[in-house]
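Model the full assembly from the supplied sequences, consistent with the hints where possible.
Residue numbers (the UniProt record's numbering), protein chains in the order written: chain A, 1 to 330; chain B, 1 to 193.
Check the hints yourself; a few may be wrong.
Unchecked claim - Below, a list of computed lysine-lysine pairs in the BS3-like style, where the Cα atoms sit at most 30 Å apart:
hint, chain 1, residue 1, chain 2, residue 2
1, B, K12, A, K39
2, B, K17, A, K39
3, B, K43, A, K39
What the hints assert, rightly or not - Chain A stretches covered by chain B per the calculated footprint, using a threshold of three residues with CB under 8 Å from any CB of chain B:
hint, stretch
4, 48-56
5, 83-95
6, 98-109
Claimed, not checked - Here are the in silico distance ranges between beta carbons for each label pair:
hint, chain 1, residue 1, chain 2, residue 2, range
7, A, G183, B, E137, 35 to 43 Å
8, B, H176, A, A299, 52 to 60 Å
9, B, D133, A, G307, 28 to 36 Å
10, A, A13, B, D37, 37 to 45 Å
11, A, A13, B, D133, 41 to 49 Å
12, B, H18, A, A208, 37 to 45 Å
I should point out that these hints are in silico values taken from the structure, not numbers from a laboratory.
Cβ atoms here follow ideal geometry from the backbone N, Cα and C, with glycine treated the same way.
For reference, the chains in residue letters:
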Amino acid sequence: MREFDYQRAHDVAGAVALLDADPDTRFLGGGTNLVDLMKTGVERPARLIDIRELPLDRIETTPEGGLRIGATVTNGDLAAHPEVRRRYPALAQAVLAGASGQLRNMATVGGNLLQRTRCGYFADVSRPCNKRVPGSGCPAVAGEHRNHAILGASDHCVAVHASDMAVALTAFDAVVHFETADGPGDLPLTDFYLPVGDTPHRETALPAGALITGITLPPAPVAAHSRYRKVRERASYAFAIGSLAAALDIRDGVVRDVRLAFGAVASRPWRAAAAERVLTGAPAGPETYAAAADAELAAARPLPHNGYKVDLIRNLVVAVLTELAEETPR
Amino acid sequence: MASSTSSVITLKINGEKHTLPVDHRTTLLDALRERLDLTGTKKGCDQGQCGACTVLLDGRRAVACLQLAVAAEGREITTIEGVADGERLHPVQQAFLDLDGFQCGYCTPGQICSAIGMIEEHAAGWPSAVTEDVRPEAGPPPLTADEIRERMSGNLCRCGAYVAIVEAVARAAETHPDEGHATLAEGTKETVA
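Below, the structure is given as structure tokens:
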């Protein structure tokens, strides 16, 4: 590991000033991803700014009826919070589906959004990787890609985003707040992660030197009736091979409101807007759910070894929406 | 700006203060084992996947291999050496002994620290990934074997002593539901209010 300087920030302005847009400096939250990547040499910062003591560890209800979640709230506290569990149960379920109890107690909300892909080529510094070393190539396209992207990828990178939490946040229209030396800013989570294109090393639209300060979830009555379903290769403590955050509001047999986002299928959490359009106003039922999934998955471009994800996601959409419909209070 | 790659830090471990110079690259795990002779905390994978290095930070379970020592300054660190009350074993330790919750014993300190933290999380009403209904109105889920397996999934046992580990954790939770770490309740006050 490269030697590094370490400093603690005590307020947001101080943290941003300390970073000073220095590309060799990283903010340190829980460290569950960053420290691991520093050990393997993927990350080689010269300086860490520890932000764990910043006053960003609160979850508050907003006057509109949503939630404001601080960037240093731990994943464990987020999933345990009564208002998260009451208003956005799929978010609590998504967080609980990720990592282990120990890691959730360390990992922060801001860090979870910025976690890096678990693509084996990205993690192995002896291999080429366009995300790690721009222009070096992507061995996954013709190599080990069973758990790689089927949507929105390019020839330059087919890695998937690993977060469960961000999938639920994407379904619920979360907005990311950040602070820079020039002042604060906001980004809807759907615009936060950049398209892959030929620049897979540029992952987010955060300005250089920005510190994520929190997330706002707008009020969404439909979210109270929501679910996160994660499929993985063992029962617990593994990354998804496919996941779904879904919320459904049915009245008189017709879909009044619906939210759908897919995980582990793209370089970012995938909001299924085309599927939502098919569903909204349509009669509730498995045929409609399947047609909606097909509308979204029409854009899928599976690789030779990950075509199963198309069926997996389609089945998840039908199964979870059917469950939510059956549980709709009459 | 002056830059330094090491610091003199003071760590509070099991109620005792230890002052030591550390290279910033030092993990809490290596500081405990290599610098402070607290070798109860074990190094397994060293990448956050096995749970052998689980300790309690401010009463919450965490893996010491991904925790930089310099960033642990100011926090209450509890290791397996600090969970007993003098000669009286912690109820989770006693249950592991009584029910043979181990074979080779290497993962055991991490299992025990993790179980202590987990029992507190459950007592505070935290749901898990196998909790049927996570809404607070549903109330806390009973600590079934399935709940224990899910909540303890961050601790691997290569001997496969899981059956007895689950039994030991269940017995400790049943017989001593509030003998985890007192600091957790304080830490979660905001979130459960």
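Distance restraint between B/K17 and A/K39, which requires alpha-carbon spacing of 30 Å or less: Given pair B/K17, A/K39 holds - Cα atoms ~28 Å apart, limit 30 Å.
Measuring from beta carbon to beta carbon, are B/H18 and A/A208 in 37 to 45 Å? 39 Å, holds
B/K43 and A/K39 were given as a pair; does the straight-line alpha-carbon distance stay at or below 30 Å? 15 Å, holds
Determine whether the Cβ-Cβ distance between A/A13 and B/D133 falls within the hinted range of 41 to 49 Å. 42 Å, holds
Is 37 to 45 Å respected by the C-beta to C-beta distance linking A/A13 and B/D37? Once the Cβ atoms are compared, 42 Å apart, the range 37 to 45 Å for B/D37 and A/A13 holds.
For the pair we were handed, B/K12 and A/K39, check the Cα-Cα distance against 30 Å. 25 Å, holds
Does the Cβ-Cβ separation between B/D133 and A/G307 fall within 28 to 36 Å? 35 Å, holds
Within 52 to 60 Å or not, the Cβ separation of B/H176 and A/A299? Between B/H176 and A/A299, where Cβ atoms are some 55 Å apart, the hint holds.
Per-stretch coverage check for the stretch 98-109 of chain A, three Cβ contacts closer than 8 Å to chain B: holds (count 7)
Is 35 to 43 Å respected by the C-beta to C-beta distance linking A/G183 and B/E137? 41 Å, holds
Coverage criterion applied to the stretch 83-95 of chain A (partner chain B; beta-carbon cut 8 Å; 3 residues): Holds, because 5 residues of the stretch 83-95 of chain A bring their Cβ atoms closer than 8 Å to Cβ atoms of chain B.
Residue count check for the stretch 48-56 of chain A against chain B: does it reach three with CB-CB under 8 Å? With 3 residues closer than 8 Å to chain B, the stretch 48-56 of chain A meets the three-residue bar; holds.
The structure agrees with every numbered hint stated previously.
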